[in-house]
Amino acid sequence: MKEKQDIELIITHFLDGSASDAEVLHLKEWLEVDVNNKKDFFHLKDLWEASQVGNAAGMSAAQIAWKTFSDKTKVKSPKATRHIGRRILVEFIKVAAVFVLAFVVFYGIDKNQVPVDAQLASTKVNVPLGSKSSVLLPDGSEVMLNSGSTLSYPVSFSESKRLVELSGEGFFKVAHDQSKPFVVNAKDMEITVLGTEFNVMAYDDFDRTETTLVAGKVMLKKAGDVSEKVVILKPGQKASLKDNVMKIEKANIELETNWTENKFYFESIPFHELMARLEKWYDVEIEFDHEAFSNLTYTGKFRNEETIWQVLDALQMTTPVRYKAGHRKVFITYKK
Amino acid sequence: MLPGDQMQESQSLDNGKVFEQFFLEYHQRLVLYALKYVKGYDQASDLVQEVFLKLWENKSELEVNRSLKAYVFKTLRNHCLNYIEQQKIRTQHHQSIHDELKDMEIEFFNAETSLLQKEMGNSVMRALSNLPDDYSKVLRLSRIDGLKNKEIAEELNMPVRTVETRIYRGIRMLRDNLSRSALLFIKLMSSNNKKS
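The listed protein sequences correspond, in order, to chains E and S.
One point on numbering: in this note's numbering, the residue at position 71 of the first sequence is 71, and numbering is uninterrupted.
One point on numbering: in this note's numbering, the residue at position 37 of the second sequence is 37, and numbering is uninterrupted.
In isolation and in its complexed conformation, chain E is listed as follows:
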């Protein structure tokens, strides 16, 4: 047992590059004892190395290497990149920053194409269906955006407040600034904060808007409500606005925010909502008879590792449904 622990420690040291000569010698002897040891160790080492793909240092090294390489071969850059103005360059750097951040926060997610509409005063980040992204705002606040969401924000915030507009779902980590409240306009809800972490769900095709507070304090009101009526949310609470009625309830934080970790947990959600989520995650269109499914609710969890077909197969096993696949389209029917 002691022996086993020793070798584990030595392997860790070796991978980290901090193993002593004696430890390396010990490792080598251990490897020679048994073919399985070799197999075990070299597979671990391989995984250790492969998990560096996406490492920021490696990416900038690639950029530098490309510079050297293209100097050597005199690769002509495409015209477009030569004629871009300074402003677009700034936009480009911003997009690049989004990408880099996306690497750090969301390296588990396949593709992040974030087209940025460069306008004079405001910037818009669109996250396509089937992907996710992360945005760093001018004040240092961070927003992770779920599939099919849009965030608009000014290139630089005004003196008095930090105003952004969200359609879809976002998880906000707001940089603290007592003098400049951070305001999110999300469909029919207006959320005002000073510095905190919270999730906002405001998809157009969902019947309600939700804000879940993880830490800090937020102030909510209905959009366009001129009265002073505001709701103060405490950490662990969720406000949900449906048909102009605001409801406060205890939130399951993990449930509301684990999409940021590429997981999807759901509890007692109706069938049509599960389908709407799947449509966004997988960028497919799902057609079904709303009437036939109105009584079904679902609880479950999955990670975005499965294909849509695996999910549908699982669905088929638990519910009397059949599905048929078309091009980027799925038809689901209820089987009596």
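If you're looking for bench data, these hints aren't it; they were derived computationally from the structure.
Bear in mind the structure is a predicted one, so any value in this text is a computation, not a measurement.
Glycine included, each C-beta is placed from N, C-alpha and C at the ideal position.
Hints may be right or wrong, so weigh each one.
Claimed, not checked - To give an idea of the interface, some chain E residues facing chain S are shown, with a C-beta separation under 8 Å as derived from the structure:
id : residue
1  : F42
2  : H43
3  : M59
4  : A61
5  : A65
6  : F69
7  : V183
Following the hints, put chain S in place on chain E, whose structure we already have.
The following block gives chain S in isolation, referenced to the frame of chain E:
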């Protein structure tokens, strides 16, 4: 934005933009792969540059596709092996334990395919983000941010030993998860709430 599966297949490498994209996407993976054979980042990077130069010379005949990717890894491997041979002749084998370990590894990967070659980067990243927080945090700091175990210990304010244990267990969990990733991780339960 992770490398892998991003580049559209069957684009001609003869297009400057396509070549650049291919270069940027594969550079890091190829360098990591070369490091299985040679010691030192600079050396690995030089060898990768040489392989790209070869591609550049033949770019008009090449298209971005699976076989090109496989070809690049294979070319790099041969290139590394040639280089090692030359080095050995030059320095007369005065081998350190590290060299012997390297030899052992090279021999091992004669028969095995590296995850880097299999374009498993994305799956590894995904599996990493699905580990319990204690482990994924430490592994991220190590693999993505490139911190040493000692630096991670300072950053997280915990004993180095704890970091090391988590790294070891984490990487092992990662491996188990990867080999199990074919299995479906979904448990859907449906209930028939008849309201009416």
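task: Go through the hint on A65(E) and say holds or violated, using the shortest Cβ distance to chain S against 8 Å.
output: holds (6 Å)
message: Hint F42(E) vs chain S: min CB-CB distance below 8 Å?
response: holds (5 Å)
- prompt: Does A61(E) meet its interface restraint, that is, does its C-beta lie within less than 8 Å of any C-beta in chain S?
  reply: holds (7 Å)
field: chain S contact restraint on H43(E) - CB to CB distance below 8 Å
entry: Given a least distance of 7 Å, the restraint on H43(E) holds.
Evaluation of the interface hint that places V183(E) against chain S, nearest CB under 8 Å: violated (29 Å)
- request: Against chain S, run the beta carbon of F69(E) and see if the smallest gap drops under 8 Å.
  value: It holds, given that the least Cβ distance between F69(E) and chain S is near 6 Å, below 8 Å.
query: Taking 8 Å as the limit, does the beta-carbon of M59(E) come near enough to a beta-carbon in chain S?
result: holds (6 Å)
Checked against the numbered hints given earlier, the structure breaks only hint 7 and satisfies all the rest.
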